[in-house]
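A.B. asks: First to last, the sequence lines map onto chains D and Z. Just so we're aligned, residue 1 is where the first sequence starts under the numbering used here, counting upward by one. Just so we're aligned, residue 1 is where the second sequence starts under the numbering used here, counting upward by one.
Any given hint could turn out to be false.
Stretch by stretch, here's where chain Z covers chain D in the computed footprint (C-beta under 8 Å, at least three residues) [claimed, not checked]:
(1) 137–147
(2) 191–201
(3) 341–347
(4) 354–367
It should be emphasised that the hints constitute simulated quantities derived from the structure, not laboratory data. These figures come from a predicted structure and were not determined experimentally. Think of the CB as a built atom: it goes at the ideal place given N, C-alpha and C, for glycine as much as any other residue.
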Amino acid sequence: MSELPLRAQLASVLGRSAAGLSRATGRGDGSVIGGRVALKVAPDLLGELSRGRRLALVSATNGKTTTTRLIAQALREFGGVATNEYGANMPTGHITALSSDKSAVNGVLEVDEKYLPQVIEATQPAFVVLMNLSRDQMDRASEINLLAKKWRTALGKTNTHVIANADDPLVAWAGLGAPNATWVSAGQRWKEDSWCCPECGGHLKRDTDPYWECPECGLARPRTTWSVDNDADTLVAPDGQRIKLQLNLPGDANRANAAIAAATAAGYGIHPERTIDRLREIKSVAGRYTSVVTMGVEVRLLLSKNPAGWLESFAVLDPPRVPVILAVNAQVPDGKDTSWLWDVDYRVLRDRRVFVMGERRTDLALRLETDGVPFEVADRVDEVLGRLKSERPDITKVDVIANYTAFQQIRTAYGRVQ
Amino acid sequence: MTDTSSALRIVWIYPDLLSTYGDQGNVLILKRRAELRGIPTEVVHVHSSDPVPQHGDIYLLGGGEDRPQILAAERLRADGGLAGAVRNGGCVFAVCAGYQIIGETYGDDDSNPLPGVGIIDIRSGRGETRAVGEIVADVDPGLGVGRITGFENHQGRTAIGPSARPLSTLVRGIGNDDRTEGAYQGQVLGTYLHGPALPRNPQLADLLLRWRVGQLNPLPPAWGERLHDERLAAALR
Numbered sequence: 001m002s003e004l005p006l007r008a009q010l011a012s013v014l015g016r017s018a019a020g021l022s023r024a025t026g027r028g029d030g031s032v033i034g035g036r037v038a039l040k041v042a043p044d045l046l047g048e049l050s051r052g053r054r055l056a057l058v059s060a061t062n063g064k065t066t067t068t069r070l071i072a073q074a075l076r077e078f079g080g081v082a083t084n085e086y087g088a089n090m091p092t093g094h095i096t097a098l099s100s101d102k103s104a105v106n107g108v109l110e111v112d113e114k115y116l117p118q119v120i121e122a123t124q125p126a127f128v129v130l131m132n133l134s135r136d137q138m139d140r141a142s143e144i145n146l147l148a149k150k151w152r153t154a155l156g157k158t159n160t161h162v163i164a165n166a167d168d169p170l171v172a173w174a175g176l177g178a179p180n181a182t183w184v185s186a187g188q189r190w191k192e193d194s195w196c197c198p199e200c201g202g203h204l205k206r207d208t209d210p211y212w213e214c215p216e217c218g219l220a221r222p223r224t225t226w227s228v229d230n231d232a233d234t235l236v237a238p239d240g241q242r243i244k245l246q247l248n249l250p251g252d253a254n255r256a257n258a259a260i261a262a263a264t265a266a267g268y269g270i271h272p273e274r275t276i277d278r279l280r281e282i283k284s285v286a287g288r289y290t291s292v293v294t295m296g297v298e299v300r301l302l303l304s305k306n307p308a309g310w311l312e313s314f315a316v317l318d319p320p321r322v323p324v325i326l327a328v329n330a331q332v333p334d335g336k337d338t339s340w341l342w343d344v345d346y347r348v349l350r351d352r353r354v355f356v357m358g359e360r361r362t363d364l365a366l367r368l369e370t371d372g373v374p375f376e377v378a379d380r381v382d383e384v385l386g387r388l389k390s391e392r393p394d395i396t397k398v399d400v401i402a403n404y405t406a407f408q409q410i411r412t413a414y415g416r417v418q
Numbered sequence: 001m002t003d004t005s006s007a008l009r010i011v012w013i014y015p016d017l018l019s020t021y022g023d024q025g026n027v028l029i030l031k032r033r034a035e036l037r038g039i040p041t042e043v044v045h046v047h048s049s050d051p052v053p054q055h056g057d058i059y060l061l062g063g064g065e066d067r068p069q070i071l072a073a074e075r076l077r078a079d080g081g082l083a084g085a086v087r088n089g090g091c092v093f094a095v096c097a098g099y100q101i102i103g104e105t106y107g108d109d110d111s112n113p114l115p116g117v118g119i120i121d122i123r124s125g126r127g128e129t130r131a132v133g134e135i136v137a138d139v140d141p142g143l144g145v146g147r148i149t150g151f152e153n154h155q156g157r158t159a160i161g162p163s164a165r166p167l168s169t170l171v172r173g174i175g176n177d178d179r180t181e182g183a184y185q186g187q188v189l190g191t192y193l194h195g196p197a198l199p200r201n202p203q204l205a206d207l208l209l210r211w212r213v214g215q216l217n218p219l220p221p222a223w224g225e226r227l228h229d230e231r232l233a234a235a236l237r
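The following block holds chain D by itself, in its conformation from the complex (with noise of 0.2 Å):
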């Protein structure tokens, strides 16, 4: 990477001091604080800072910062990756991770979804990777549709190659706003935010998955090169090679990500089945998917934000004997507005134990109740396992899904488990 100009270097080191201070006082990570103070000394540093490198930006509604942490492991092959590893997702948090490693010539960057056209501009990043886009806490967040026509226009302009998900209709569309693109068969299992044509508005014709189209406009999914066979638990790459998946990570969603990390890996020129081999290492992303074993239990931690993530939730429980807790809150970061629990489908729980926490647990309540869901409420994890084992006193396993704060409330009370 070349030089920086003297103010951009000033502003880095500042920015990597107050991070510093603030992991040292133990108030946060540093990702968002340092570059803060970095974009105050320097507003253009984030472009400064990618000069030279090659970076992957990775956006979506679900799975970013996993998918981020999959492409970086891979692209560790050659070396060190600057990357936001912890999730600090916007401009601050980028400048923050390219300053603290600036030797690094690829980078792999988790973006905000409204953030994306920026950033893409102040980058010129070697690649954008789209996976998804529903609905997500709108009592703050953009309109889909407007979004992906930024993310389309913002596409236009630059030299970047995309890779994303060709199932996703508005993801494509927006992905065909930019010069080239590898398209990559990642399934879509919530769809209820994609029954119309982004160009025109028709309702699309979807009678086989994965395809769609549009009967009035004729936009149609992109021809895909990578697609996942989920029965097989196999990715299949462009030269049609099988390669066996068996990823530590549970269900379609992460061998959806894997296949996207696969596809831009192979972009920096590493063979998919080195990278499936490095992506088997990881087991958990900042806690998700991470297991505790408290009173003798092993709690499984699902982290969940929307609609689209419950239902993906939904599908990676274990056996109906697993029980499972579902937890709601509704601060500022999950969204002050609980309505999404009503477009998810709860039936699929009707044979298993439930459980309701979080602050929001009556909201939950009701709606368990009208999808004919019996459930128990309860305050804290510990209190539910005291409870299944005074029963039960074999029960060996518990799921859990929650949103953002809830999550983290659980978390931290298992010590931050990673």
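We have chain D; now place chain Z onto it with these hints.
C.D. replies: Leaving out everything else, chain Z in the frame of chain D:
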């Protein structure tokens, strides 16, 4: 539909365009509160490519983003089924973007007035600021619903014409115009309480059911009533 031997037809209009955040909840809770009273129901989903049936009992329209809202209004006007249903005595419950488009006019994203379906005497435009947060409002005493709560998230402002009446007087929130929230005209009712307005206000769900089936047996208080009271207390804290 006073003859309860045939099913109560709940018609969900354009879930593919107007279902932004929890709108399904209104369908589910109407169905449940009818069935708990032994009233059989039939739920019909009408996609934007399908004609709107004219002999339903309760028609539901949800929220939507700007572009889907415009498309929904164009398609409903071209179809004509919803206006026909109202002439046939069907009742309508419309939320947010759906509320705006059943009026005479509504505003696009540049504040140009666009023609609505015209089944209620309201006119909507765009406000300076976005209204986001919890609402508390007292419903017109004539409707016997009492105090309601919900979440609003919209840029629209709505003026009520002489043929319609405000649904409620605001205690907290922005609603139509900082003073009132929602509107009704006969059995056509609209509100900015988005998403699960009926789950959060069981007495409002019962109003719609009463309009179609007459007197209802009371139900024992359950989670719906508890949520209503909890949200009310939280909003006024």
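A.B. asks: Each hint: holds or not?
C.D. replies: How the hints compare with the structure:
| no. | hint | result |
| --- | --- | --- |
| 1 | 137–147 | holds (count 7) |
| 2 | 191–201 | holds (count 4) |
| 3 | 341–347 | holds (count 3) |
| 4 | 354–367 | holds (count 5) |
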